[in-house]
Amino acid sequence: MSVPSLTIADAVVASLNGATLSQDVTFARAYVPKFDMSSATAVVQGKVIPVSDAREMGSAAADNAAIAVDVGIMKKLQSTAAAAEQVEIDALLELCEEVKSVLNRQRLPTATGFICTAVVQEPIYSVESIENDRVFLAAPRFTFLTTVSV
Amino acid sequence: MSTLLERGMAMLARVGPEQAGGKIRYAVGTDTCVLSATFGRTDEAVDPFGQMLVAWSGQDFIVQAEDLRFGLTPILPVNGARITKLASGEVYEVLSIPGGKCFKTAGPNDEVLRIHAKKVT
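One line per chain: the protein sequences are A and B, in this order.
For what it's worth, my numbering labels the leading residue of the first sequence as 1, then goes sequentially.
For what it's worth, my numbering labels the leading residue of the second sequence as 1, then goes sequentially.
Keep in mind that the hints were calculated from the coordinates and are not lab data.
Watch out, some of these pointers could steer you wrong.
To be verified - Derived DSSO-like pairs (lysine-lysine); straight-line CA-CA distance at most 30 Å:
| hint | chain 1 | residue 1 | chain 2 | residue 2 |
| --- | --- | --- | --- | --- |
| 1 | B | 23 | B | 85 |
| 2 | A | 100 | A | 34 |
| 3 | A | 34 | B | 101 |
| 4 | B | 101 | B | 85 |
| 5 | B | 23 | B | 104 |
| 6 | A | 100 | B | 101 |
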């Protein structure tokens with residue numbers, strides 16, 4: 001029996017790693033999405049984790065399922081001047097938009113039974129991470145709808 | 001004449017880097033200075049953001065305020081400055097303690113600085 005949340009998380013990883021993005025980043029699925037501030041500091045780190053799986057009766061043979069996946073994007077900010085830091089953060093928010101355009105409203109090639117119907121990025125980024133660690137961290141959440149046989 | 005406390009502070013400042021520290025390079029952009037530091041408390045923690053975690057390793061660097069200077073100009077630590085341990089090559093970034101500044105002063109005349117930093121490489 002397959003696990004729908006893992007199926008879609010793996011499909012998200014495959015789609016994002018196969019997409020042309022403005023920054024060099026490799027996404028990986030994780031159960032404990034931990035970003036290490038002291039490794040690969042100049043590199044964008046990407047994590048994909050399944051977050052929730054909500055099901056309700058859809059038909060006699062299947063449930064309708066809404067499965068949420070978080071896509072974590074983290075980078076240690078390199079610039080020290082305020083203006084340069086703003087440019088660096090702008091570019092990372094642009095990367096978040098590119099990730100959304102890859103996933104939102106899409107059926108992913110390796111999981112065509114799922115469709116992304118909602119995206120929430122709230123907060124848009126972690127103010128605390130920038131303030132305390134000079135780390136950019138955002139985690140847009142994507143909700144995919146599918147049916148699961150019962 | 002210096003007080004007993006001042007003489008004790010001076011002795012600690014002299015001995016500390018030899019016994020529990022080493023040479024560091026403090027850098028802001030292209031401005032750098034090499035000075036002795038006692039390596040203070042180390043921290044390791046994980047900060048949560050939603051489902052995500054950011055792990056960091058921190059360390060305090062205790063230096064003589066008069067040693068921290070670019071050329072002849074005394075300076076104070078600033079966020080974003082880089083500290084390199086010359087012996088190991090480890091690099092730290094000066095960062096504020098949440099809700100506070102990136103350094104504290106100590107001693108009767110604020111002659112000692114405790115600089116808070118987190119490891120970045």
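Checked hints:
1. B/23 with B/85: 6 Å, holds
2. A/100 with A/34: 22 Å, holds
3. A/34 with B/101: 26 Å, holds
4. B/101 with B/85: Since the Cα atoms of residue 101 of chain B and residue 85 of chain B sit roughly 22 Å apart, the hinted pair holds (cutoff 30 Å).
5. B/23 with B/104: Cα-Cα ~20 Å, so holds.
6. A/100 with B/101: 37 Å, violated
Checked against the numbered hints above, the structure violates only hint 6.
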